[in-house]
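Asker: Start from the sequences and build out the full structure, keeping to the hints where you can.
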Amino acid sequence: MSYFFAHLSRLKLITRWPLMRNIRQENVSEHSLQVAFCCPCISGD
Numbered sequence: 001m002s003y004f005f006a007h008l009s010r011l012k013l014i015t016r017w018p019l020m021r022n023i024r025q026e027n028v029s030e031h032s033l034q035v036a037f038c039c040p041c042i043s044g045d
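One point on numbering: in the numbering used here, the residue at position 20 of the sequence shown is 20, and numbering is uninterrupted.
FYI, nobody ran anything at the bench for these hints, they're computed from the structure. Glycine residues also receive a C-beta, built at the ideal position from the N, C-alpha and C atoms. All clues stand as given, with none of them false.
Simulated restraints, written as ranges between beta carbons of each label pair:
(1) Gln34 to His7: 15 to 21 Å
(2) Ser2 to Ile23: 31 to 37 Å
(3) Phe4 to Asn27: 14 to 20 Å
(4) Gly44 to Ile23: 28 to 34 Å
(5) Gly44 to Ala6: 32 to 38 Å
(6) Gly44 to Arg21: 29 to 35 Å
(7) Gly44 to Lys12: 27 to 33 Å
Answerer: Below is the structure:
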C-alpha cells in the first residue's frame, strides 16, 4: 500500500479544528470531501 492511501485512511481519525463553533465535530476526511465537491464549481468546469 502506498503512503498516500495510508494517509487518506487516517484522515477520518483527525478531528478538524474549526474557526467557528459547530454543533457537531467534523473530521478532516469529511472536510476534504466537501472541498473536493466545491472545487469544480469554483473553477468553472
